[in-house]
Structure formats: C-alpha cells, structure tokens
Amino acid sequence: MSRQDHIREFAAKALTEGRVDYFIGWKQGHNASEVVPAFVKEAAAVDQLVWNELCHHNLVTFLKRNMPDPAGAKIGVCVKGCDSRTLVALLQEELIDRDRLYVVGVPCDGIIDRRRLEKEFADEIVAVSCSDGRVSVATRKGNEKEFAKEEVLLDACTRCRYPNAVYADDVAGPPVPEPDRDGAKPDWSDVAGYESLSDDEKQATLEKVYSACVRCFACIHVCPVCVCWDKCVNRSRQPELVEQKVGTKQKLLFQMIHMFHVAGRCPSCGACDRACPVEIPLYLLHRKMNKEIYDMFGFEPGTKLDEKPVFQLFDVNDRFGD
Amino acid sequence: MAIKYLKADALPALLEALAKNARVVAPFKRDGVVQFEPWQSGKDVELDVLLAKQSPKEWVFPQCETYLKFGYRMEEPAQGATAGTATGAEGEAIGGEGAAAVAAGAEPAIPHETVEVEALNEAPAQVIFGLRPCDARGFVQMDQVFGGYGGFYFDPLYNSRRAVTTLLAVTCRDPRSTCFCTALGGCPAGQEGVDALFTQVEGGFVVEPLTEKGEAVVGTAGGDLGDATEAQAAEANAVKAEATGKVDVPFALEGIRDHLHDNIDDPGWHDLCMRCISCGTCTYVCPNCYCFSINDELVESEGERYRVWDNCFNPLYTEETSGHNPRAQKSNRFRNRFSHKFWYYPDKYDSLLCTGCGRCIMHCPTRIDIREVLRIMGAAPGAAAERAATTAVTPAATGAPTGAPAPTDGKEA
Numbered sequence: 001m002s003r004q005d006h007i008r009e010f011a012a013k014a015l016t017e018g019r020v021d022y023f024i025g026w027k028q029g030h031n032a033s034e035v036v037p038a039f040v041k042e043a044a045a046v047d048q049l050v051w052n053e054l055c056h057h058n059l060v061t062f063l064k065r066n067m068p069d070p071a072g073a074k075i076g077v078c079v080k081g082c083d084s085r086t087l088v089a090l091l092q093e094e095l096i097d098r099d100r101l102y103v104v105g106v107p108c109d110g111i112i113d114r115r116r117l118e119k120e121f122a123d124e125i126v127a128v129s130c131s132d133g134r135v136s137v138a139t140r141k142g143n144e145k146e147f148a149k150e151e152v153l154l155d156a157c158t159r160c161r162y163p164n165a166v167y168a169d170d171v172a173g174p175p176v177p178e179p180d181r182d183g184a185k186p187d188w189s190d191v192a193g194y195e196s197l198s199d200d201e202k203q204a205t206l207e208k209v210y211s212a213c214v215r216c217f218a219c220i221h222v223c224p225v226c227v228c229w230d231k232c233v234n235r236s237r238q239p240e241l242v243e244q245k246v247g248t249k250q251k252l253l254f255q256m257i258h259m260f261h262v263a264g265r266c267p268s269c270g271a272c273d274r275a276c277p278v279e280i281p282l283y284l285l286h287r288k289m290n291k292e293i294y295d296m297f298g299f300e301p302g303t304k305l306d307e308k309p310v311f312q313l314f315d316v317n318d319r320f321g322d
Numbered sequence: 001m002a003i004k005y006l007k008a009d010a011l012p013a014l015l016e017a018l019a020k021n022a023r024v025v026a027p028f029k030r031d032g033v034v035q036f037e038p039w040q041s042g043k044d045v046e047l048d049v050l051l052a053k054q055s056p057k058e059w060v061f062p063q064c065e066t067y068l069k070f071g072y073r074m075e076e077p078a079q080g081a082t083a084g085t086a087t088g089a090e091g092e093a094i095g096g097e098g099a100a101a102v103a104a105g106a107e108p109a110i111p112h113e114t115v116e117v118e119a120l121n122e123a124p125a126q127v128i129f130g131l132r133p134c135d136a137r138g139f140v141q142m143d144q145v146f147g148g149y150g151g152f153y154f155d156p157l158y159n160s161r162r163a164v165t166t167l168l169a170v171t172c173r174d175p176r177s178t179c180f181c182t183a184l185g186g187c188p189a190g191q192e193g194v195d196a197l198f199t200q201v202e203g204g205f206v207v208e209p210l211t212e213k214g215e216a217v218v219g220t221a222g223g224d225l226g227d228a229t230e231a232q233a234a235e236a237n238a239v240k241a242e243a244t245g246k247v248d249v250p251f252a253l254e255g256i257r258d259h260l261h262d263n264i265d266d267p268g269w270h271d272l273c274m275r276c277i278s279c280g281t282c283t284y285v286c287p288n289c290y291c292f293s294i295n296d297e298l299v300e301s302e303g304e305r306y307r308v309w310d311n312c313f314n315p316l317y318t319e320e321t322s323g324h325n326p327r328a329q330k331s332n333r334f335r336n337r338f339s340h341k342f343w344y345y346p347d348k349y350d351s352l353l354c355t356g357c358g359r360c361i362m363h364c365p366t367r368i369d370i371r372e373v374l375r376i377m378g379a380a381p382g383a384a385a386e387r388a389a390t391t392a393v394t395p396a397a398t399g400a401p402t403g404a405p406a407p408t409d410g411k412e413a
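Residue numbers (the working numbering), protein chains in the order written: chain A, 1 to 322; chain B, 1 to 413.
So that you can see chain A by itself, here it is in the shape it has in the complex (with noise of 0.2 Å):
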C-alpha cells in the first residue's frame, strides 16, 4: 500500500468517523507540474489527495492562528518530518490545540526544488514526474529532460536531519531511515559562504538580496511559526513601528524582525522561501540564525513535545556568544 494510499485511508476513516471537520492534504494544481494544498471535508472525495515529491507545502501553515475555519474546527493533517518541527514548535507553546488535532506523519524521501527546474527551460514547465530516483520533466513548448532526484532536491531535504514526522497520530507507511543524529551534528556547510563574509559584506550582502522584497508579506503569512497575523509589528500603525515606507532599509528591518522573532522556533522548513515570489534566499537566512542558535543552546527547534522552547528557559550554563 503506497503512502499516498495510507493517507486516502486515514482521511476518509477520520471524516466518516467524525473525529475532523476536514482533512488537509495535497492535491494536483492546475497542471502535473504543481501540488496544492488540499481541503477535504467529505470521505467521499478523498481522492484527490497525493503524495508524491512535488508535495512541498507546510500544512501546519493552516492550523495557525485565524486560518482554522471555522474558528474551533476539528482538523486532519499531514505533516513531514520538516513540517512536524513546525508543529511542535507551536504545540510547545502552547498555540494549537492538540486535542482539535489528527496528525498524520508522512515519512519523506525528500522533496523536488520546483525553481531549481524552473531555471533549466525558458517555457513553462507542465510536468514533472519521479520514479527510480529520477525526476522527467516536460514544458509546455514539447522539451523534455530528466534530472538525477538528488540534484534537484530543495537544499532543506539534502541536510534534512528528521525525514520522519516528529509527532503524529498515525503514519503512513513504514518510516525511512533515520539520519544518526546523535553521531552526526548538522551539517552547516551552507551557511559557510555567508559567515566567511565581513561585516561589511555581509551588510551589503543582505541590503542585496532584500532590496528585491516587495513587501508583500508571503513569507510571514506562509510561516507556520510566524503567529502574530494582523497584529504584526511590520504593519502595526498604532503605534507605527516599521515605516511603510518601501526602501531597502526598511525592508532590511522587516526581514531581520521576521528572523529574530522566529528564531528559535524555525526549523528551517523552507516555506518562505518558496512562497517568496522574486525568490530572495530566506531559507538560507534562517539557516543562519539557526546555527546560531545551535552553537548556542544545542537547541534544534520543534524536536520534543516535552520541551520548552529555548527562550522561554534559562539555564545558568547557556553561551550568549563568544
């Protein structure tokens, strides 16, 4: 039975049985090259949910303050082991509910960077296809080409350290190998590049690559760690904090808020920097701030449902720096 086969299962028992008002999952979008998030609120049309390498949205994002609707409802929802980080980190404070909750952990193989083969053909892809480790894609033009999976994997599931979800009612398959956490610290090499910057290039660097943000605020309202909603510092007016004012320093500081006030609590799922559409490099970012946080506290967000989240604990042996 395929994974995709074990999530149908678990929804349609769940909606018949009443235990959820709807079941979020993935569906096809509007052609084979896209998956979309999935609202399934009858057993009847369970089919329409997936699972394949395209399925990349963090579900949590709709368990989150003010988008559960109606505002009490009961919800099913698949996770990944990246997306269950999130999950706990919210549990772990406490802003979900877990009793409303029917968590279904889908073991990951890793999940296909649609941008990276979005940079390989000037038209538009319509197709992308997985088997065997290799990913066939076609564009609407006629072109075709197949890449190696691991080469177009997002940069999140090629250091990915919990494939497995981290909390969940049930799970859809057999789990896939777990990485050896205790024996291996994560790998952060990719963040190398960015800290062998100086400061001042490293403030050129991020003046760079925010002076592209539009402000439209698709990385917070993606982010399922990100709860503040209308109530945001960036748009608050009264008292108006942040300018609304659209100049790189701006921009500059409503990331770094973004960064700061996350930190701790991001596992580095990467949904902001898919949902960025003029693509700036969030996730590498938030790669950042979470070594940082690791050096510090050896703490790995959203991990343990027993654990407190590392800024609301005080322990005399933390390391504030060097």
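Derived from the structure by calculation, the hints contain no laboratory data.
The structure presented is a predicted model; accordingly, all values stated were derived computationally and were not measured.
Do not take every clue at face value.
Unchecked claim - Derived pair list, reagent style EDC-like, types lysine to aspartate or glutamate, alpha-carbon separation capped at 16 Å:
{"id": "1", "chain 1": "A", "residue 1": "K149", "chain 2": "A", "residue 2": "D200"}
{"id": "2", "chain 1": "B", "residue 1": "K246", "chain 2": "A", "residue 2": "D123"}
{"id": "3", "chain 1": "A", "residue 1": "K245", "chain 2": "B", "residue 2": "E297"}
{"id": "4", "chain 1": "A", "residue 1": "K291", "chain 2": "A", "residue 2": "D318"}
{"id": "5", "chain 1": "B", "residue 1": "K29", "chain 2": "A", "residue 2": "D109"}
{"id": "6", "chain 1": "B", "residue 1": "K7", "chain 2": "B", "residue 2": "D44"}
Since the structure of chain A is already known, use the hints to place chain B on it.
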C-alpha cells in the same frame, strides 16, 4: 501607419537611441529572476521568458512614492509681518495645515508654528520596452480609476507619469497555460494601450507603430528600422494567429458580473479561500491592482507623506478607526479581489480590471487559480456547487476550453 522591420541585433542600438531622451525600462534577468529594470548599455533584454515576475505597473504607479514633504518651524514675529511667508504657493494650494498656518501667521507679535509644504511629482519621460499586450492593457484599465472617468477623479501623480510613458509591447509567441487574455477580449498581439507592437519573426522584429508616440520611436530608430517586406508582415500575422490559438479560454465572461453579485453570500467562497494564506502576492504582481494607502512619516519637525501599495488581503486594509473591520474574515477579503475585478469595477467604470496575464496564478504561494474562482463563483447560483464538484476532480487548464471567447464591446476590444 507603415509596418517596419528591425533586425534583432539592432535592438540595443534602438534602446540606446531611445535612452538619450528617456528612461528606458525593459525586462532583465538578474540572479535568475526576470524583472523590469532601467536599461543600461550592455544588458540583454530578456524576451524568452514570457512574463517578468511583476508587471511594469510600478514604473507608472510606483510601489512607494513620496508626494509631499513638510516641515514645522517656529516663527518669530518679524517686524511688519502679517502672514506666514515661509508657506509656498503650492503649500497653500494643497494643505489645510498650510492654510491654517497662514491664518495663524496673521496673529501679530507671538512666536508661532508654521508648516512648510512642498509637493513632489517627478515624471521623467520613459519608454517601457518588452512588456506584453496584457501588461499594456493593464494600464488602460487602470487609467479609468486614476484618469477621471466621468470627471470623477484625476490623479496628478499617476497621470503625469502615464502621459510621458511610451509602451513598446512584444507579441507573446508562446502563451503559458496560465494565460487567459482571449477570454477577456484581449489577445497575445493586443493593441490596446500599445504605442508600437513588436512581433518576433525570423531574424528580428516586425514593428507596428500604433500611435504618435509609436511613430516617434520609429523616427528615433532612423535607418535601423526599414520597411517590412510582405513576407515579413505575413510571418508576423502567422505568429500572432498561432499564439492566439494557443491561449486557453477557461470560462465565458458573459454573466460573471451578475453571478458574482448573486453569489455574494455563497458558502463556496469559504471553500475556495481555505488555501489562501492572506498575503498580498497576487495583488503586487498584478498589472492593475491599484489599491494604496497613505502614510505620514514625521521625524522631529521634518516629515513626508507618501503613498504605498496596499492590498485587500491585508487584515488592516478595511479596519476602521473604531476597530471595527467590515471584512474581518479571510473569505471576505478573498471575495473582494475577484468581485472588484469582475463585478464592481465593471459596474463603475465599464471596464474589467483583469487582463488575463495569469501572474496571480503563477506566483500565488498556494497557486490559487482565478480561473477556477470565476468558473465556480461566476456561475449562476445553484450551479456553483455543481461546478465546484467538477473542478475538484478535473484540475483547471488541463481540459479543453469550456467556452467561446466572450463577446466584447468597443471599450474592451
């Protein structure tokens, strides 16, 4: 007007010539992302990627523009002074505050505060090259709201830029699966709002000047721009016809306006908005979402007033001073975007507010599909639920066209 031909390798020279008298803006690829940017010698215009991430809207309607600067001053009474001399003529014309300061200035012999106001409106001549006909049509649709339709309102900032902007559109050779211009009365070689239309043919472009501004461009190009041969003109026509045939017609426009009105309380809105994350991406990539908010920024005694894009998905967009928000729910805000474009804007301005470029579909973080929304919520009441069920099984745009191009009146053609 005579149809011209421009060799592909003569394009940089044309842009260079245009750049002598105007800012030239065109799509360029930087770090893999295509955006409209000012042209500089040596940069290659990106025409292989059909659509820049954002429309060129911001070059006429900037995301953020400061239009007033003001400063407060303590004025010591000068001998014989009876009025606030520091207040300029423009300030008096614009500001109630300025006028008040003048009145206060009439009080003799007391130190008093005055305000200086300076109006800003920069509108350098510019040429936008490489936009698509849908982008150009976006300006025409937006003109209605800024341009004083029926003497309603005339926006000096927008119009001063619009008046000095020349639009050189390039025919879409390879429409995307997300394009639906033909359903809205447009086409991959549409001429609405276009000053000169460039169509890529073998070795270069067939150039059709369509307005006086377009003719001026032809004049600028001089010898590089020769007359097109009949074969070249025929090839351009073939390119246009082929491209038009490639655009899906995902819905019939007829009736949508009325049905959106009828379906305002339909629970279908809730279902459709479930995957919306309430960000503003769709509105910021849109060629004619025009909503903005106005802010004053004051640092000590110096301040500025600017307007900045806002979007109807922003929870604060409709929040009133009292704290009441008439569109408190995500579904209310979600409904607004589509209703605005296809119901109340047409009602008020006799024009759609959508050109079918499909950017909102491409860049939505959860790929919400405006075509799907219109198919479901633009259907007759009662039929909505039925269509929703169909759509759930058959994803949009993979199937055959569901309707013929809608009849269009003169304004929309």
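Within 16 Å, alpha carbon to alpha carbon, are K29(B) and D109(A)?
Status violated; Cα separation ~33 Å.
Decide if the proposed pair is consistent with the structure: K246(B) and D123(A), CA atoms, cutoff 16 Å inclusive.
14 Å, holds
Please work out if K291(A) and D318(A) have their alpha carbons no farther apart than 16 Å.
Distance ~15 Å between K291(A) and D318(A) Cα, so the pair holds.
Taking only the CA atoms, is the gap from K7(B) to D44(B) under or equal to 16 Å?
The hint holds at about 15 Å.
Keeping to a limit of 16 Å between CA atoms, is the pair of K149(A) and D200(A) held or broken?
Since the Cα atoms of K149(A) and D200(A) sit roughly 37 Å apart, the hinted pair is violated (cutoff 16 Å).
Going straight from one Cα to the other, do K245(A) and E297(B) come out at no more than 16 Å?
9 Å, holds
In this structure, the hints that do not hold are numbers 1 and 5, in rising order.
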